[in-house]
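**Student:** Below are the chains, spelled out letter by letter.
There are 2 protein chains.
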Amino acid sequence: MALEDITLDCVHDTAQSDVDLPTDAVLQTAASMLNAAGDASRLRLLLRLAQGRRCVSELAEAEGEKLATVSARLKLLHSARLVSRQREAKHVYYELADDHISCLVRDLLNHAAEDTPQR
Amino acid sequence: MALEDITLDCVHDTAQSDVDLPTDAVLQTAASMLNAAGDASRLRLLLRLAQGRRCVSELAEAEGEKLATVSARLKLLHSARLVSRQREAKHVYYELADDHISCLVRDLLNHAAEDTPQR
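Chain order of the listed sequences is A and B. Add 1 to the 1-based position in the first sequence for the working numbering, that's all there is to it. Add 1 to the 1-based position in the second sequence for the working numbering, that's all there is to it.
Don't read these hints as lab results, they were simulated from the structure. Given the structure is predicted, the values throughout are model-derived calculations rather than measurements. Hints may be right or wrong, so weigh each one.
Because identical chains share one entry, a pair is satisfied inside a single copy or across any pair of copies.
As the list claims (entries may be wrong) - With a straight-line Cα cutoff of 25 Å, these simulated SDA-like cross-link-like pairs (lysine to any residue) come out:
#1 Lys67 / Thr24
#2 Lys91 / Asn36
#3 Lys67 / Glu89
#4 Lys67 / Leu22
#5 Lys76 / Ala41
#6 Lys67 / Tyr94
#7 Lys91 / Ala26
#8 Lys91 / Glu115
#9 Lys91 / Glu64
#10 Lys76 / Gly39
#11 Lys91 / Arg107
#12 Lys76 / Asp40
#13 Lys91 / Thr24
For reference, chain A alone in the conformation it holds in the complex (with noise of 0.2 Å):
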C-alpha cells in the first residue's frame, strides 16, 4: 500500500450508517443458521450431504452413530432451513437446501482450513 493511500485521521463515512442492511428479522434468521451450523458434528452432516442427498440411516452409519442421534441433529438443520427433507416410503432423505448452503459450507471449510494445523 502507498503512504499516500493511508489516512491517517479518522474520515467518518457518513453514508456508512446508510448500508443497505437486511432487517432484524433476516438477520436473526442468519444468526439461527450459523448457530445451527456450528458445531463439529452437525458441520460433519453438511459436509456429507454436499456430496448428494442421503438417508438417515446412511448417514449414522457413516458416523458411526444412533439413528436418533443423527436424526436430532438433522432436525436441528432441517428447523435452520439448511438442509431439506423428502419421505419416500419409509426412508427420510435428506439434502442440502440450495446452492447458498453448499457455497457457504465450502467457503468455510476452506477459510478454516488454510492455517488450521494439520495433525
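Following the hints, put chain B in place on chain A, whose structure we already have.
**Tutor:** Same frame as chain A, but now just chain B:
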C-alpha cells in the same frame, strides 16, 4: 423427478464413510467461526465490513453503540479469524479476512432473506 429415479430401498453407499472429510481440528475451527458470526450484532458488523475496511470509531458511530462494545465484538470476530486488523497511528482498522468470508456472508444473507417474512 421420474418415478424410475426413486430408490425405495435404502441402498447404502459404502463409499459414503470415505467422503473426504476435513480433520477434527479444521471442523472445530470452522464451528468456532460460525459461533463467532452467529449473533445479529456481530453479523451486522461483518456486513458493514463487506463494504470495505472501517475503523472502530466509524463502526461504533454507524451502530449507535459505545466504542468498547463494538471493539469487543470486533475482537471476537478477529479471534475467530473472520476479520483482520491493521493499526495505523491512533486508529485500528478492520476488514473481512478474505474473499471466503465475504462470499460466506453474502450466501448466508441471501439464503436467510429468501423466505424470512419482511416487516
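**Student:** Against this structure, judge whether each hint is valid.
**Tutor:** Now the hints, each set against the structure:
| no. | hint | in the structure |
| --- | --- | --- |
| 1 | Lys67 / Thr24 | between (39 Å within a copy, 22 Å between copies) |
| 2 | Lys91 / Asn36 | neither (30 Å within a copy, 35 Å between copies) |
| 3 | Lys67 / Glu89 | within (21 Å within a copy, 53 Å between copies) |
| 4 | Lys67 / Leu22 | between (42 Å within a copy, 20 Å between copies) |
| 5 | Lys76 / Ala41 | both (16 Å within a copy, 23 Å between copies) |
| 6 | Lys67 / Tyr94 | within (17 Å within a copy, 47 Å between copies) |
| 7 | Lys91 / Ala26 | neither (36 Å within a copy, 36 Å between copies) |
| 8 | Lys91 / Glu115 | neither (41 Å within a copy, 31 Å between copies) |
| 9 | Lys91 / Glu64 | within (21 Å within a copy, 51 Å between copies) |
| 10 | Lys76 / Gly39 | both (15 Å within a copy, 19 Å between copies) |
| 11 | Lys91 / Arg107 | neither (31 Å within a copy, 37 Å between copies) |
| 12 | Lys76 / Asp40 | both (14 Å within a copy, 21 Å between copies) |
| 13 | Lys91 / Thr24 | neither (40 Å within a copy, 33 Å between copies) |
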